[in-house]
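S.K.: Chains as they are written, first to last, in numbering that gives the first Met the number 0: chain C, 0 to 300; chain S, 0 to 300.
Quick caveat, the hints were computed from the structure, so don't treat them as lab data. One or more of the hints may lead you astray.
Treat identical chains as interchangeable: a pair holds within one or across any two.
Lysine-lysine pairs mimicking DSS-like chemistry, simulated, CA-CA at most 30 Å apart [said to hold, decoys possible]:
(1) K172 with K131
(2) K27 with K207
(3) K210 with K172
(4) K107 with K251
(5) K102 with K251
(6) K262 with K67
(7) K262 with K131
(8) K207 with K131
The model shown is predicted, which means the values in this text are computed figures rather than measured ones.
There are 2 protein chains.
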Amino acid sequence: MSSNIDSFHQQLQARKEYVDGCLQKYLKQQEAYPKLIHEAMTYAVFNGGKRLRPIMVLEGARIAGGQKESVVPVACAIELIHSYSLVHDDLPSMDDDDFRRGKPTCHKVFGEAIAILAGDALLTAAFELMTKNACIEGIEPRVLLEVIGEIARAVGSRGMIGGQVIDLESEGKKIDYNTLRTLHTLKTGELFQVSLRAGALLNNIDDKGLKALTDYSYHFGLAFQITDDILDIQGNEELTGKPVGSDERNLKNTYPSLLGLDKSYKMAAESVNACLDSLALFGEEANFLRSLASYLLHRSG
Amino acid sequence: MSSNIDSFHQQLQARKEYVDGCLQKYLKQQEAYPKLIHEAMTYAVFNGGKRLRPIMVLEGARIAGGQKESVVPVACAIELIHSYSLVHDDLPSMDDDDFRRGKPTCHKVFGEAIAILAGDALLTAAFELMTKNACIEGIEPRVLLEVIGEIARAVGSRGMIGGQVIDLESEGKKIDYNTLRTLHTLKTGELFQVSLRAGALLNNIDDKGLKALTDYSYHFGLAFQITDDILDIQGNEELTGKPVGSDERNLKNTYPSLLGLDKSYKMAAESVNACLDSLALFGEEANFLRSLASYLLHRSG
Numbered sequence: 000m001s002s003n004i005d006s007f008h009q010q011l012q013a014r015k016e017y018v019d020g021c022l023q024k025y026l027k028q029q030e031a032y033p034k035l036i037h038e039a040m041t042y043a044v045f046n047g048g049k050r051l052r053p054i055m056v057l058e059g060a061r062i063a064g065g066q067k068e069s070v071v072p073v074a075c076a077i078e079l080i081h082s083y084s085l086v087h088d089d090l091p092s093m094d095d096d097d098f099r100r101g102k103p104t105c106h107k108v109f110g111e112a113i114a115i116l117a118g119d120a121l122l123t124a125a126f127e128l129m130t131k132n133a134c135i136e137g138i139e140p141r142v143l144l145e146v147i148g149e150i151a152r153a154v155g156s157r158g159m160i161g162g163q164v165i166d167l168e169s170e171g172k173k174i175d176y177n178t179l180r181t182l183h184t185l186k187t188g189e190l191f192q193v194s195l196r197a198g199a200l201l202n203n204i205d206d207k208g209l210k211a212l213t214d215y216s217y218h219f220g221l222a223f224q225i226t227d228d229i230l231d232i233q234g235n236e237e238l239t240g241k242p243v244g245s246d247e248r249n250l251k252n253t254y255p256s257l258l259g260l261d262k263s264y265k266m267a268a269e270s271v272n273a274c275l276d277s278l279a280l281f282g283e284e285a286n287f288l289r290s291l292a293s294y295l296l297h298r299s300g
Numbered sequence: 000m001s002s003n004i005d006s007f008h009q010q011l012q013a014r015k016e017y018v019d020g021c022l023q024k025y026l027k028q029q030e031a032y033p034k035l036i037h038e039a040m041t042y043a044v045f046n047g048g049k050r051l052r053p054i055m056v057l058e059g060a061r062i063a064g065g066q067k068e069s070v071v072p073v074a075c076a077i078e079l080i081h082s083y084s085l086v087h088d089d090l091p092s093m094d095d096d097d098f099r100r101g102k103p104t105c106h107k108v109f110g111e112a113i114a115i116l117a118g119d120a121l122l123t124a125a126f127e128l129m130t131k132n133a134c135i136e137g138i139e140p141r142v143l144l145e146v147i148g149e150i151a152r153a154v155g156s157r158g159m160i161g162g163q164v165i166d167l168e169s170e171g172k173k174i175d176y177n178t179l180r181t182l183h184t185l186k187t188g189e190l191f192q193v194s195l196r197a198g199a200l201l202n203n204i205d206d207k208g209l210k211a212l213t214d215y216s217y218h219f220g221l222a223f224q225i226t227d228d229i230l231d232i233q234g235n236e237e238l239t240g241k242p243v244g245s246d247e248r249n250l251k252n253t254y255p256s257l258l259g260l261d262k263s264y265k266m267a268a269e270s271v272n273a274c275l276d277s278l279a280l281f282g283e284e285a286n287f288l289r290s291l292a293s294y295l296l297h298r299s300g
């Protein structure tokens, strides 16, 4: 059992390093005048992230029978979008966070104006990069356009940005369970979901397989958010990189604050089980996704 | 001569109304939960703009022998991008403008956080909308992907956003002519250029025609910026919607501040002539673009 876990962590680390390498190579190409904005973009992307979303894109491709190389531009683009969303979320007028994963946030280093523009530029670069996925053999331009449209929808005003708006609107207010669920489905869930779907769609997965991955990533997003909330209460500050209890101090609505810690644990475990159930039609090729879901219950950062 | 001008103004107005109608229809479809962000997006788009950039997209299509209907999604998307850039430029940490075209700016009405998110959402919506251009008959998915990539590049860190960074970095400092020119080529010129090119490319224009339109839009962007700077000094506040002399008070580098008013006029006129020269290979179908360039020298808002 312990060697299974070790081997999963090695796989996770290898995938993270692969994504880091691709991102580094891409950002290096972008180094251009004006220097400052490209420095801020690179700072924002290399912030110690676990690269779970691009890893999802690669896994989607693999499960659909494709090569991970077939979706590298879209995978990197998804991480650029995730990075932009963190930079803007941290701004003084939003969550006003000085640190993220133990490092000063983008606006603390580069100032507010450059941080806003670096976020804008990462979002824009993501779409430029996605169009480059058309250069990879076997990728259908029409499918790529559909995938880009789906990604844009998932991170737009009816997706991730909508979730952030609900989050801002409900700070300091007590919200009900359904609102909390909608908030997180939009703010966190949709990006996980579209990541896994994108890799699979670009490699022409069949309807059954797509449905299974869609279900998996829905439950994964939920389990991720609940365990994230629990970590904020019980986590190790050095590993999570943010002060324990910051949600409570910021009067954030969380699963533990609404349901209590025990019930939150139970819900996270149920969501992970739902992840595993969703993968029933796959064989060994889905083992990494299975371990990834279970890992959420034991993660420390 | 005067009836020519009247007829041009009627054509300009008709095209503006066509674009307004398309934008209205599109934004109406987007009305969804959460309400606030969609209200802010609509407010930002319906700000009294002249819609010159989407009109350029439509003209590009027409000159290439296509129908304006063939490029409506991309044309609207370009205006969403332009609107987002204005919302973010006006923010307190950027140009800190309370009014635009006589109306309170987005962050004055909705607050800073929602204004940042509305800008993000408009940029994201633009890319979602562009992918929808694939549904129009005769549009090649591969060409559309190239156009989306070109648009993203033009408004990214090496384009429009780069120009805004140079603008911020040079406020209150005296810059040289080459830097001013680069600033405006990036901040204003690239979006005009990609607009005209996009409409033409999507309708499979030949290389010679594309080169002519590329040259035209380069000189158009320059003439637009110089006349914009002149209007800031000599304009009618009610027509321009911003206080006369705001550039000088904000210590902005402008063509008149660097070259003087007379030389600026001369340069604007030369750029307009260069616009007309670029169109030599076209016949009557380019008359609107010819009038549009000349109009810059006589515009009042």
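S.K.: Taking the hints in turn, state whether each one holds.
M.R.: Hints and how they fare:
Taking the shortest alpha-carbon separations for K172 and K131, neither the intra-copy value of 44 Å nor the inter-copy value of 38 Å comes in at or below 30 Å. In the homo-oligomer, the alpha carbons of K27 and K207 never lie at most 30 Å apart, since the shortest distance is 39 Å inside one protomer and 34 Å across protomers. Proximity of K210 and K172 under a CA criterion of 30 Å is satisfied in neither setting, with 36 Å inside one chain copy and 58 Å between copies. When the C-alpha separation of K107 and K251 is checked against a cutoff of 30 Å, the pair qualifies both within a copy, at 22 Å, and between copies, at 26 Å.
Only within a single protomer do K102 and K251 lie at most 30 Å apart by alpha-carbon distance; the minimum there is 22 Å, versus 34 Å between protomers. For the identical chains of this complex, K262 and K67 are neighbours neither inside a copy (38 Å) nor across copies (57 Å), given an alpha-carbon limit of 30 Å. Within a single copy, K262 and K131 get their C-alpha atoms no closer than 45 Å, and across copies no closer than 43 Å, so neither meets the 30 Å cut-off. In this homomeric assembly, K207 and K131 come within 30 Å of each other (Cα to Cα) both inside a single copy, at 28 Å, and across copies, at 26 Å.
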